[in-house]
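Q: Protein chains in written order, with our numbering: chain A, 227 to 409; chain B, 1095 to 1532; chain C, 9 to 316.
The hints are simulated quantities; they were obtained by calculation from the structure and are not laboratory data. Please note: incorrect hints may appear among the correct ones.
[What the hints assert, rightly or not] DSS-like, lysine-lysine: derived pairs with alpha carbons at most 25 Å apart: (1) K1529/B to K210/C; (2) K230/C to K35/C; (3) K102/C to K234/C; (4) K163/C to K314/C; (5) K273/A to K142/C; (6) K318/A to K1529/B; (7) K273/A to K141/C; (8) K272/C to K1529/B; (9) K301/A to K1223/B; (10) K273/A to K290/C; (11) K1500/B to K301/A; (12) K48/C to K234/C; (13) K1223/B to K300/A; (14) K163/C to K273/A; (15) K210/C to K163/C; (16) K151/C to K273/A.
[What the hints assert, rightly or not] Facing chain B, according to a computed beta carbon distance under 10 Å, are these residues of chain C, among others: (17) E54; (18) A64; (19) I180; (20) G183.
Don't be surprised by glycine CBs; every beta carbon is placed ideally from N, CA and C.
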Amino acid sequence: MITATLKAYCASVNHVVAFIGQSVSYVMPMLAFVVAFEVFARYFLNKPTVWAYDLSLFMAGYIAALGGAYAQQKKAHINVDILYIAVSANSKRVFNLLSSSLAIFFMVVVILICTEKFNEAVEFNYRRFSEWSPPMHHFWMMLIVAASLMILQFSSDMLEDLYHLITGRNLIERAEETDADGN
Amino acid sequence: MEIEVLTGILLLCILVSFALGAPVGLALGGIAMAVGYSTWGEGIFNIVPSTFESTLFSFVLLAIPLYIYMGQLLTRSGIGDAMFNASQLIIGRVRGSLAISVVGVCSMIGAMVGIIGAGIMTSGSIALKPMLQRGYDKRLALGVIMAGGGLGILIPPSVPMIMFAATTQNSVGRMFMAALVPAVVTIFMLVAYIVVSCKLNPERAPLGTGQEATMTQKEKMRTLRDGLFSVLLIFAVLGSIISGMATPTESGAIGVVGAVLLAFFFKRFRFGMFRAAGMETAMLVSVAMWIIMGATLFSNFHLLMGVQDMVAGFTEDLGLPPLGVIIVLQLIMLLLGFIIDEFIIVLMCAPLFTPIVVELGYDPIWFGILMILNIEIAVQTPPYGFALFYLKGIAPPGVTMLDIYKSVTPFVLIKLSVLILCMLFPEAVMWLPNKVMG
Amino acid sequence: AAEHNWRFANLYTRGTAFGEVYGNLAKNIEEMSGGRIKVKMMYAGEGVDTRGILGAVKSGLITMGATFQPMNAGEMPAGIVEVGLPGGTADVGKLSVLFHEKGFDKVLSDAYGSQGLVWLDPYIQPPVYLLTKKPINSVEDFKGLKLRAPGAYGKFVRNLGASPVSLTWSEIYTGLATGVIDGSIGSNLIDHRDGNHVEVAKYMYRLPLAGAQVLPVFVNQKAWNKLPKDLKAIVKAATAVHAREQMTKSRLWESEAIADMESKGMKWSPVPSDADKAVWSKAGESLWDEYASQDKYSKQLIEILKKQ
Ligand code: NA
Ligand code: NA
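The following block holds chain A by itself, in its conformation from the complex:
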């Protein structure tokens, strides 16, 4: 019963994080298009836009922040694995629990402080300082979402590690990892 609940929790977290992480990658071609369009508008039409600069920065920010949890799921975040690869599987799990706690603490700070910033941005109608002046509140909300996803992913990873440390069995059986290419 407990095992099933844990499994369901981890599976749904992994699912949501993967969905958002993959969705946000579709912003990448749009980002390149927006920047290229600005070059075109300025150089060939002699009519630079007022929006491309801020819009491209927002897009890049969304890709970078929201992709963080998915990168954790794929174990793509960079670590210094010198001692790490030399220790036993169970020591690795203990190491993971420690470093995940630090990361979760960091993300809790991000959520708390960005919530304040979000409320302030709504109250005073904060905008970018450019002529286009798009609103800022969604950026802080996005960071709250990004940090929450990160916490969900770390909590799911921690559960798997803890489960294995306690029971000696894997919570979720995994096939060999494949990359986006399928190779």
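Given chain A, put chains B and C with the ligands in place with the hints provided.
A: Okay, now just chains B and C with the ligands, sitting in the frame of chain A:
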């Protein structure tokens, strides 16, 4: 708490978290917040919004996603590999020739980008796989990418050079000119190292193991054609910068459009490839930006606590001969590279150190070039260096941090010898700007 | 130990002339308070990005801040009017009356107060000028030019027929050199000198885009409330001394910067005709109503301006 003690505690925390294998960016951010909370209180958390906002809204950093995306599209459509296959058809009989071609491509990328991250991750996207596929020694391949990608800030345009010139009121043009001789010397020494090292250890660079060994005549023509076009694309991107069509950051997007068009033109465009390139880029961008965000948070906290005053304190009354002072200043920069990034080193050290150097009778431009060379070394010196992290991000799964640490040694020595040459022979740096700009 | 530990962030880098003036303010506060307030000076890039200073002082991370308000147009719209709208006066005497007698000070105290900040004395700095690659012989020449001019200045140059371009500061030099842009404004003449832009664009236009610029110095409200009356008076007095220092020195530095740039080949575009001057002022004044409609404090400030 004294800043010296705090710095010691922060360093210790970095080493512990690195040993545990924690994600670098998240660990740095977490350490800054935890140590900050215990010394300052919850007020320190307010450092997060301004740091995240300034990092994510930095237009210069936008070069990272755009150039990586161009690199990924070139690689995954096969056009990038064609460039190296073609070079192998032509000069494949020379041992190590692929690594030499990679140095050439890295130099061209260095002439497009102005920041380290974009240089290394773009060069890595395009050039790492072809070398590993042909059985090149892992360390040689990684080291070449690291050294070549680092040229991004030594070959103009260079953001740290512009920042140095502005904070010390020197000529950007002279700075760019002064960097050319050291850049050419670096490239020459890299090539010389590859040739000698492959001669001594032939197994580091196997011959005749690439696809070109079994190609039909028709395939060879096609490879040469694709290779030529991908080189032309790189020249077109460079041209868009030089002609004033786009800024160095924006030209990354031109490269993306060009890569997509080339893929269509050669009927290599597949939606799956396009999707995978976007996915991989998004992942790499996220990984790089979370490192930058965490590291900036860390250095911002350290700066708010007054590390700059500690550095200023070191440099008072050194009581050394002039060259001794220069050496100590550089050691400080190398040590700072242990904990802070390229831009902050310039912003902090340029205004602190340059007046001292000028007082001693040296040319500030010369010192600026030494600073850039020091930064280049600092960011690729273990254990903490952005270049190391970027390279790990772009490397295939089997590559460990230890591989990367080991791979850099000879290349750091090369850069160190360029640095020493420039230090001992200021004429080598100042000759070109003096000749061209009077 | 000090009774109050403050951090003061300003927008200039360490070692620059203006940075030093702010450094002197920090020292003055320490000295005049007999060490009861200790002020740690943070220069540009040291812990807080220059664009983040306003937010950092609001939150209390930084106690005291000095910024260039066009960077914060989206958070404090009145700051745009405060710094000086295109077409505003450059007369220091008039500005002083405007701020201290006509009511700018009250409106700005309210505007900053509404966001948890205490607004101190205004600092008058030299005006904004435009540097171009080709000489501007008449205002007609602005048509079709691509100029790096953010925010209010962008709207101003658009009124002249030019196209404002968004470019980050570190790309201005290369942008001018390669021709991505035909010209750029700097936050003042000294800024143009520091950026070495004269190497790649030689012509300075004679008319400033706005009159003298007014830069605020502000303090976090909670930190301010902790000060006893006498220390509040001391901080205010130190700020006033500093405002004068800033004004006299900036004149001197501006002329030094001009001499510097002229020695590197800077040239002035020809003196504009009266008709050109009229077009120029009109391009600025048409923005006033637009800004007045966007924010209640801006509206109050512009009403005061119009009454003059
Ligand atoms: Na470069
Ligand atoms: Na390092």
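Q: Next, verify each hint and record whether it holds.
A: Against the structure, the hints come out as follows:
This hinted pair checks out: K1529/B and K210/C have alpha carbons roughly 22 Å apart, not beyond 25 Å. Distance hint between K230/C and K35/C is fulfilled; the C-alpha atoms sit about 22 Å from each other, no more than 25 Å. Under the criterion of a C-alpha separation no larger than 25 Å, the hint pairing K102/C with K234/C is inconsistent with the structure, at around 35 Å. A C-alpha spacing of about 20 Å is found between K163/C and K314/C, which places the hinted pair at or below 25 Å, so the restraint holds.
As the CA atoms of K273/A and K142/C are separated by approximately 20 Å, the hinted pair is consistent with the 25 Å bound. Between K318/A and K1529/B the CA atoms are separated by roughly 59 Å; this puts the pair beyond 25 Å, and the hint is violated. Only pairs whose Cα atoms come within 25 Å are accepted, and K273/A paired with K141/C is accepted, the gap being roughly 19 Å. The hinted pair formed by K272/C and K1529/B meets the criterion: a straight-line CA distance of about 17 Å does not exceed 25 Å.
Of the supplied pair hints, the one linking K301/A and K1223/B holds, its CA atoms being roughly 20 Å apart against a limit of 25 Å. Using a Cα cut-off of 25 Å, the hinted pair K273/A and K290/C holds, with the two alpha carbons roughly 23 Å apart. For the proposed pair K1500/B and K301/A, the alpha carbon gap of about 23 Å is at most 25 Å, so the pair holds. Taken as a hint, the K48/C and K234/C pair is honoured in the structure, with Cα atoms around 18 Å apart against an allowance of 25 Å.
Between K1223/B and K300/A, the direct Cα distance comes to roughly 20 Å. Compliance with the 25 Å bound is thereby established for this hinted pair. Between K163/C and K273/A, the direct Cα distance comes to roughly 14 Å. Compliance with the 25 Å bound is thereby established for this hinted pair. For the proposed pair K210/C and K163/C, the alpha carbon gap of about 24 Å is at most 25 Å, so the pair holds. Taking the CA atoms of K151/C and K273/A, the gap is about 12 Å. The hint holds against a cut of 25 Å.
Taking 10 Å as the C-beta contact cut-off toward chain B, the hint placing E54/C at the interface holds, the least distance being around 5 Å. Because the beta carbon of A64/C sits about 5 Å from the nearest beta carbon in chain B, less than 10 Å, this interface hint is met. Contact between I180/C and chain B, as hinted, is supported at the beta carbon level, the nearest pair being about 9 Å apart and thus within 10 Å. Because the smallest distance between the Cβ of G183/C and any Cβ of chain B comes to about 6 Å, under 10 Å, the interface hint for this residue holds.
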